[in-house]
Amino acid sequence: MRLKLLPKRLSINTLPALLVALFVGGLCETAIASSHREAPLIAYDPLADNTDVYAFRSPSNPNNVVLIANYIPAELPHGGPNYYTFGEDVRYEIHIDNDVSTTGDDIIYRFTFSRTNEDPTTFFNIRLGQENLKTTYMLEKSTDGGSTFSTIVANGIVPPNNIGPRSIESGVGAGAASYDALITGAIANATGGGGEMVYAGPADDPFFVDLGGIFDLGDSPRQNNGGIVRDGLSQYNVHSLVIEVPIATLQKDGKAVGQAANILDGDFVIGVWASASRQTTTTLGAGSSTGSGSWVQVSRLGMPLTNEAVIPIGAKDEWNSRTPYNENPAHYEYFYNPELALYMDDDLFGGAVPAFSALRIQKASLGAFDFTNGADGLFGLKGSPAVAGTALDDAIFGTLLLPKAGAPRSVDLWPIFHTGVPNLAPYQLATGKGGNPLAAGKPFINNFLPNGGDMLRLNMATPVTPRNSPAFSSEGLIQAAVLGLTDPTYANTSIQFIPNMDGFPNGRRLEDDVTRIELQAVSGVALAAIGLWYDDYYPNPNEAVSPVTNQLVNVLQYSTGVEQNDIAFKSSFPYVQAPWRGTAVAQKGTE
Amino acid sequence: MKTYNIYKSLLFLAVFSLLGCFGLQASSHREAPLIAFDPLADNTDVYAFRSPDDPNTVTIIANYVPGQLPHGGPNYYSFGEDIRYEIHIDNDASTTGDDIIYRFTFSKTNQDGSTFFNIRLGQENLKTTYMMEKSTDGGATFSTVVSGGIVPPYNIGARSITGGAGLGAADYASLFNSAITTASSGETVFCGPTDDPFFVDLGGIFDLGDAPRQNGTPRDGLACFNVSTIAIKIPIADLQKDGKSVNQAANILDPDFVIGVWSSASRRSITTLNGDGTSSASGSWVQVSRLGMPLTNEAVIPIGDKDQWNAASPYNDATFYDYFYNPELALYMDDSLFGGAVPAFADLRIQRSTSPLGLDFGNGQDGLFVVKGSPVLNGTAMEAGSPFENFLLPKAGAPRSVDLNPIFHTGVPNLRPYQLATGKGGNPVATGKPFINNFLPNGGDMLRLNMAVPVTARNSADFSSLGLVGAAVLGLTAIPLCKTFLTWMVSLTEDVLRMM
Chain C
4 MRLKLLPKRL SINTLPALLV ALFVGGLCET AIASSHREAP LIAYDPLADN
54 TDVYAFRSPS NPNNVVLIAN YIPAELPHGG PNYYTFGEDV RYEIHIDNDV
104 STTGDDIIYR FTFSRTNEDP TTFFNIRLGQ ENLKTTYMLE KSTDGGSTFS
154 TIVANGIVPP NNIGPRSIES GVGAGAASYD ALITGAIANA TGGGGEMVYA
204 GPADDPFFVD LGGIFDLGDS PRQNNGGIVR DGLSQYNVHS LVIEVPIATL
254 QKDGKAVGQA ANILDGDFVI GVWASASRQT TTTLGAGSST GSGSWVQVSR
304 LGMPLTNEAV IPIGAKDEWN SRTPYNENPA HYEYFYNPEL ALYMDDDLFG
354 GAVPAFSALR IQKASLGAFD FTNGADGLFG LKGSPAVAGT ALDDAIFGTL
404 LLPKAGAPRS VDLWPIFHTG VPNLAPYQLA TGKGGNPLAA GKPFINNFLP
454 NGGDMLRLNM ATPVTPRNSP AFSSEGLIQA AVLGLTDPTY ANTSIQFIPN
504 MDGFPNGRRL EDDVTRIELQ AVSGVALAAI GLWYDDYYPN PNEAVSPVTN
554 QLVNVLQYST GVEQNDIAFK SSFPYVQAPW RGTAVAQKGT E
Chain Y
10 MKTYNIYKSL LFLAVFSLLG CFGLQASSHR EAPLIAFDPL ADNTDVYAFR
60 SPDDPNTVTI IANYVPGQLP HGGPNYYSFG EDIRYEIHID NDASTTGDDI
110 IYRFTFSKTN QDGSTFFNIR LGQENLKTTY MMEKSTDGGA TFSTVVSGGI
160 VPPYNIGARS ITGGAGLGAA DYASLFNSAI TTASSGETVF CGPTDDPFFV
210 DLGGIFDLGD APRQNGTPRD GLACFNVSTI AIKIPIADLQ KDGKSVNQAA
260 NILDPDFVIG VWSSASRRSI TTLNGDGTSS ASGSWVQVSR LGMPLTNEAV
310 IPIGDKDQWN AASPYNDATF YDYFYNPELA LYMDDSLFGG AVPAFADLRI
360 QRSTSPLGLD FGNGQDGLFV VKGSPVLNGT AMEAGSPFEN FLLPKAGAPR
410 SVDLNPIFHT GVPNLRPYQL ATGKGGNPVA TGKPFINNFL PNGGDMLRLN
460 MAVPVTARNS ADFSSLGLVG AAVLGLTAIP LCKTFLTWMV SLTEDVLRMM
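Quick note, the sequences are listed as chains C and Y, same order.
Going letter by letter, the first sequence gives residues 4 to 594 in my numbering.
Going letter by letter, the second sequence gives residues 10 to 509 in my numbering.
If we strip away everything but chain Y, and leave its shape as in the complex, we get (with noise of 0.2 Å):
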């Protein structure tokens, strides 16, 4: 097994460095120029996942409004009144855009204007409810589901909070739970400020990709700021097309579970100042801010860009593909290119030259598109006449067409050569292990989810912070995984090093 050990070891290795990559960058907080200096719609963050504490639901998470200062006083920080919040569901390849849409809408209002405080004598300034909205319809008639939701005021202190001269509140925990309602539609709902829940060194990242950091201590450049959070907990049978439960999948990769999601941030088009201190809003609504995938607009746009791709939506992202085609950070990954340029990338590498085929992923290079229409793709998502070949392998020069520009644009499907190379005989694009299946290919960057895919439990040894990754490295390493039936792997990292 020495042999065995020593694969491991490089494999585990190689992960460790990707942490240093996945781990450290911001999502999209003050991310393209325009959005930047519009916080109160400034999209920072999207999550999905299956609920850990009720597996028969989903629960999608959007923030707002980002490096909140919790002590930013005297007016603290809330969703604003002339924005429209949408979390949008796909969840059908089948129809156009949309099969879902949530839309918070807020108010607010000055108990006590007679004060500075935020929060005085039991009355509370800018207090903000909201109104949450569903549509089924691909947004062509919306229901209101949450009518005067409660937006819990901000965290300001033990006075303002739990004393008598400000709202006499049991604790923090007590308004911010009391703010967690159930929608008509079923649906629990709360909106108001968190804890953000990104991490990532900021600094580091940003100075040339200085992370982890060469000369100094890397920290979470978001540590102790907050945002504002729109959070729903949803039945799978709410968000599944055709209204099947978990328990209804054919397996834990059935397509039919799958989930595009994104949100956004929009603004009607002419915002008009009064000259008397106030401002009103007309015209259409305009989108201002997006998010689906993390770090696509942060750091994969360019910024000459990044306000266009704020402004565009999963259905027509197109035009933004020569981004993942050629990424600007395997520049800095790529020693031909500036990789000598970014020492704290040296660790990450990518493939330039591999056997047996000799394909070569470096920026500019034709990575498989050298084998398009070739009999060896027969059988796998790119092979001659498959509807995806020609997303998969559209030109010479777009290297990761194949992995880079799926994984953000379309989901990846349990095809060859989307399986682990385990059981492949060497063979990438032969049949392996399935570990992934979230294809959903009728829109660009969204965030997907298979629904199908069991939950690891938080307080399990195996959970990984580094989500697929982590099963990867299980699926091609454990031995009593390493099997080319389809079985649920877990991420555990720390079970490969204890084999090891």
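Chain C on its own, in the form it takes in the complex (with noise of 0.2 Å):
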């Protein structure tokens, strides 16, 4: 283990390959589907189908946090006569977890929905005023772990699908002035004190991803078709619940924002994730569905693509069915050995998907570490001097990042998805740790919180990055990381702002491009940014070399295409951009 050397920090002289090569990135970005339709059960039960969870401190009120939870994949905004809503039978929450060192969740908040027909004497949905399956919600919270519960929202609205012109605005439908004024109008505030902003309603779905090409064997960005990508989810509407809440509602100990000690402070992590649950018996009569029984959990969602892409398709059902708190450490094993890397590996299929070329996994890594499938990783450094003080010493996570032999990624994966990542070492990025990754570098991330498993964290303390900022970049906390490794402006290792530090994977901003992202993660990213660089940089004791190799390029410029929504995010609540009008959508199935 000889890591003495280099990089006191990147030349100088690297950063403009660096820029450029994000840059280039930046202009054809990645795409997975989060999780629509990811399991075989939950496919074919739309209205509990739960797509993706986002959590991010808001950009126009920093003193606030806004989740985000969608449900219902790939509504056509044209499917009609009864287009879509939530459903009466189903139990849909939001939890969060804010304090280690209690048990499962600390805040719940549940939505329970009841339709109405207001003519049920047309097959219109929207006629003269009247409008049918009208959906209006109760919104509950609990702070005792969901022993009790109190109703924060009675009657909230649900607008009505944005079906056309007709419908809408003109008298013989709804005659609204717009239907943003629907809206508007829906967004409810919450009682009971805690300050919370609410909306429940149809929204354009702002997941973006080639799922046709990516389900294609990994084609993404696609090798033929003219090079073509298109973002399979564009056009398409989902229903959203969207709450903003004062950090201080979430902090566990009632702390505002300015409170925090530092900009990673660890007692500002939140965990989210949400579900559906259904009631156990559904019993159908002629033309009725009646539930019965206690509730069943049938989706939920934490990280993206998790059920999608990581869990495989045997244990999807199983993996919906659990919560963060008790996962299936059997499912461990698809982090430290997840198929994404089987196509990202010459030695095993990496042959097989040309698209996924541009990332490779360190095999030799500072001529010593194999994070491939199957490979030690760092395992044989357990117990070792090296990895004393540092997160990996059995006195402190040593049990849980280094398990056993032949789990490889259970040092970035694993932790990533199932624990967040500390401020400890080895999880600073090598600046500053002078060639040695296990040596203390420049934090960028605290998202740490063990008492669970998937979930989306946020460290609630970390500022937020304007939307409008030439900064602001939908590659998150890796833009964050290629900053603090190579602008001269970050080069100590003292807690600094980087922009981007608010991005996936610390929270997720609606921007962001986790498909990209994640690959790049699979790819060993994480691991070059603490330090754990690339095969092809060979460090030399005589002279500078740059780190950046051509290995890391490839990975950083990676892009499968569709980098971000097919329209801009509202610039205030509810975030989420209206529906697509039923009237207005050239979109089809497919090309």
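Output of the computed footprint for chain C on chain Y, the stretches with three or more beta carbons under 8 Å from beta carbons of chain C:
#1 47-60
#2 73-80
#3 155-168
#4 204-213
#5 216-224
#6 301-310
#7 313-321
Bear in mind the hints are in silico, worked out from the structure with no lab data behind them.
Note that beta-carbon positions come from the ideal geometry of N, C-alpha and C, so glycine has one too.
Using the hints, put the two chains back together into the complex; each one sits in its own frame.
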């Protein structure tokens, strides 16, 4: 282990290359569906199908955090006559963990919906001011782990679907001023002193992904078809639950963000996940369906893509039935040795997925460490003096992070998805490490909250990158890492805000290109950020050698080509864009 | 011939307007609240026609699972395992209920549970096979006529279908073709994904009837979406009640060659979530979706009754007759009601006062009921004492009991007044030119086909998507056919144009 030398920091002349790399990457980005129809059972229960979860500090009010859970994938905007709405016999919940010392959820928001037909004599959804399948909701909140709930919105309004101008604005329809007026009119302020603002209703699906390419055996970006990619969710709607919550309501001790010790204060980490549950028994009658019995979770979502592209088909339904607090340890294997990594390894199936050719995993990082599937990664260091005092020390979290041989990604992918990442060595940027990845470096993340599994973890103390800032990037934390490693402004080991430190996987912003980020992460980019460089980096004690090697640049440049949503997000609550209008879409099933 | 040409022009215009209506509604995609959220069991369309490539057979198609994104990975779409998909055939007015039932039951298996891809290295997940059973005793007993039938995989993309890392097939068509099988009872069968054959401007029509769009361009809202299809090609002699082949038909409107077709999906009454990501079904089978005539449950039955309609069968449909007597759509074609509220239907107006009888077919009016029992109806299907008198003229205030209700619920007999006006000398209840006989009155909503009617070749210049309306136009206007003998009428609007 002779890692002493470089890089103190990357030489300044590597910066242009990296920026070019990112800029090029920024022009054409990536995609996988987060969790749309991701498991066999839920694929046919669209009302209860949880597609995505987001958690980010509000760009319009940084004292707040925005939580978004989306349901009902691939709604056709013109899907009449019944269009889409939340199910009556489904419990929709957003769960928040804010305290590692308590078991399970600390806050639960539960939505329950009711529908009514204002005029059952028509087959139209809206006619003469009357709306059918008109949906209202009750929002309840629990702060005792679900033992008791109190109602904080009693009769919330779900806007109708955006059917078309005759149904929405005209006098023979709803006679609204505009569809946006219906959205605005449906925003509720919750009671109970928590200060929540709430929207439940149809929205543009904010997720973007080349579904057709990626699930055709990973053909993303597409290798043929003239390189033409397409966002397979473009112009489809979902139903969104959006809650904007004061940080002091979410922080375990009721502290406002101004009271944070620093921008990585561990006391400001929350874990967020969402779920849908149905009653055990559904009984069909003649034209009726009745639920009875206890509630059974049928869908959940925390980290994007977990159940879409990490959990294999044989385990997907089971995964949906569990909570972050009772993950099946057998499923850890899918993170220790992820399927996607098979396709980024020339000794395995790398040759079978040409689209991933830029994504290759460290097989001999620093000449010593192999992170490809079946290899040992850092396990050889377990218990050694080299890891003493780091997170990998068995006295700290080494039992979690280095569980066994043959589990190479137990040190990066597994904690990113299951515990969050602490601000401890080795989980600091290579800047200042002097070439030793296990040394203290530059802090860039702390969303560690290890008392649960798959959740979206957000450090609420991390400042907001303005959406209109030139520094804003859909690459999220990867972009923050690149800047932290290369920009002289950050060439130190103190805690500093680097733009996009508030990006995925530190929470998830609507703009974050999680497909690209996760594919890059599977390819080992997080390992590289902390100094476990790609195989083509050979440190030389006698001269400065840049670790920004071709392999790293390839990974950073990798993109699926679908890098942003098909429509800009709203700059204020509820942030998701209005649903596509049924008469205004040109989208088809495929190109 | 000047006046004649004007007459034809007007008629053609009327037909053209009808195109705007008939061509542009979703048949039954997500048409009722309950089934809208059970896509696997959602029956979207039924078709029944003499096979254009094999006129001794009839092809029946039932489609399910609407709005499938061709790129809907990772799990794509298939039939459900715990669902009974059935195609029902009535061929005999003297027997109660179905005479033939085809039942399809599907099974899925994962050939490689270790991947999230649907197809990888020659292995297919959610691979679907089926059993086809047939009953000829009204469902009392079934015999298996296909076992281990193959549902082709989804047409995911080149890498999955033809690539070496995928299935390595020659092409998708070869998978499709090799899945076609012959049942032990003689039928040719296919079950699998297909293009959705239906076409409709969903976005326009359900925005309060805006079809054709008054602002903006119409578009087929189902373009490039897939469905899951069950298709069966059946010898006519196997469908005809007495086993007769089509050349034994007395004429091309022989009533013994009428069949009624409907399809359904049923689930067991109880679904139990087991809490570990599995679910199980138990109890008796409950019908959750059905389809016979297109658009019935989409645009005739109002939302308050849609779920009940799906649960009923054609043999207990009488409760829904009122929606046909006074259809909601007719409100929007009547200036004294809501005609002004739907500008797109401006060309569609209903007879409010027809000479010489002064009949009014607007909603709430009496239509032909005003002449019920009158000698003027003697010799017609509605004459006093006819077994159909009270079906066709049940009550006052049910104006469409004479046209829409029988079209949807009994079929139309080759009897006065259901013949073309040609030769009637201005008296609508007189004998006219025969043009339809698909009368089979022992059931309600079914798609009725007279299998004796010849096939219009698909590549013929005469072929028209306006179907029988096109035939009626020709029957009323084409000089060589303008006689009161029974002949086969082609549906041919282009010729009308040429003559004008």
